[in-house]
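K.L.:
One letter stands for each residue in the lines below.
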Amino acid sequence: KAGVTQTPRYLIKTRGQQVTLSCSPISGHRSVSWYQQTPGQGLQFLFEYFSETQRNKGNFPGRFSGRQFSNSRSEMNVSTLELGDSALYLCASSRAGTGEETQYFGPGTRLLVL
Amino acid sequence: GIQVEQSPPDLILQEGANSTLRCNFSDSVNNLQWFHQNPWGQLINLFYIPSGTKQNGRLSATTVATERYSLLYISSSQTTDSGVYFCAVEGYYGGATNKLIFGTGTLLAVQP
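Sequence lines, in order, name chains E and B.
Under our numbering, the first residue of the first sequence carries the number 31, and numbering increases by one thereafter.
Under our numbering, the first residue of the second sequence carries the number 1080, and numbering increases by one thereafter.
Among these hints, one or two may not hold up.
Label pairs and their computed distance ranges (CB to CB) [to be verified]: (1) B:Arg1137 <-> E:Glu82: 38 to 44 Å; (2) E:Gly46 <-> B:Thr1145: 50 to 56 Å; (3) E:Ser81 <-> B:Ser1155: 21 to 27 Å; (4) B:Glu1146 <-> E:Arg45: 44 to 50 Å; (5) E:Glu82 <-> B:Arg1147: 31 to 37 Å; (6) B:Thr1145 <-> E:Gly72: 24 to 30 Å.
It should be emphasised that the hints constitute simulated quantities derived from the structure, not laboratory data.
Note that the Cβ used here is the ideal one computed from N, Cα and C, for glycine as well.
Same shape as in the complex, but just chain B (with noise of 0.2 Å):
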């Protein structure tokens, strides 16, 4: 099945810093999706996004398809930007299907 590696493992930075989160997957996908998880658990929506770029706020993000990776961009951090983020992945499975595949998710720490 596919893998998703997704990098660096952890990550603090201080308030208003900016940073790159990667992910990098093993085959090609018809469905990429970036997630945050807060504290409480829940999964918010950050993009869909299997391939371009896309910009919401102060996050972006961009998946190069034919090099099977994806970045998520984080310009002017606040505390709140804190948790666990994942990227998820779909193949292609010769049908429909709803199969995510996550990777492992960075921890991102953002000191006052």
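Extracted from the complex, chain E is given alone in its bound form (with noise of 0.2 Å):
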């Protein structure tokens, strides 16, 4: 079975640009979590979708947003972006979104705004 995938792996963007990413969870995985991670914060929640609903959500402004499609993949989006957006962004999956059970995470997407 396929793991969690997120596309692009890489990104080099400036400030005031806006960026979308992706994430394809695991066939079957209904729950998608995004999570940021930076040297000075470390890994922090973003927010979870499940059945295209967003159930919960971190402490970040409203310049972070996402959505989850019908196939469960997921996308986060970052509208104006600022140097300190710059980091290693990470999507997790799992199966019936109970919180009792194994997250599953892809390899992230680096995203570097200059």
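Grab the two chains, each in its own frame, and use the hints to assemble them into the complex.
P.N.:
Below, the structure written as structure tokens:
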């Protein structure tokens, strides 16, 4: 069974631009969560989608948004990029989204904002 | 919210040595996972262990939920074990949720 995939793997943008990242969960998994990893803040939860609905949201500004499609694939969007948005963005999927199960992570997208 | 503390922050071992990594958490959890982050950033699942003990080859983990800590044991360490080890937990929020709270990690370097 294929693992979680993320595209693109690397991205360079300039301040003020917007970016869209994509995540395809493991087949049969309905929950997709997004995390941001930076050297200063570590790994932080962005949001979670389950059955096309945002179920949880972390403490990030409204410039960070996401959505989930009927096939469970998810996208996250960051508008008006800032230098501090440079980070590794990871998505994770789980089967039923109960919280009582293993979450599997993708390889991540490295975003550099210049 | 739940606080997750990992110790030690850094660890240097000689190949073949054993080590114990600790994760303390501040509240009851319904999910606890250990991950190994490789040099390319991929988080690799090691254990899903909200309670009890599990073993997988040279690795084993124990979570004592009532005392709010978990331990990851690495035996006969190899250079390929190098990387950052994270503990992540999810608390009870009164409903289904998949919000993992990560510790700050333990950076392990295994020298040949």
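K.L.:
For each hint, tell me whether it holds in the structure or not.
P.N.:
We went through each hint and held it up to the structure:
no.: 1; hint: B:Arg1137 <-> E:Glu82: 38 to 44 Å; in the structure: holds, 41 Å
no.: 2; hint: E:Gly46 <-> B:Thr1145: 50 to 56 Å; in the structure: holds, 51 Å
no.: 3; hint: E:Ser81 <-> B:Ser1155: 21 to 27 Å; in the structure: violated, 44 Å
no.: 4; hint: B:Glu1146 <-> E:Arg45: 44 to 50 Å; in the structure: holds, 47 Å
no.: 5; hint: E:Glu82 <-> B:Arg1147: 31 to 37 Å; in the structure: holds, 35 Å
no.: 6; hint: B:Thr1145 <-> E:Gly72: 24 to 30 Å; in the structure: holds, 27 Å
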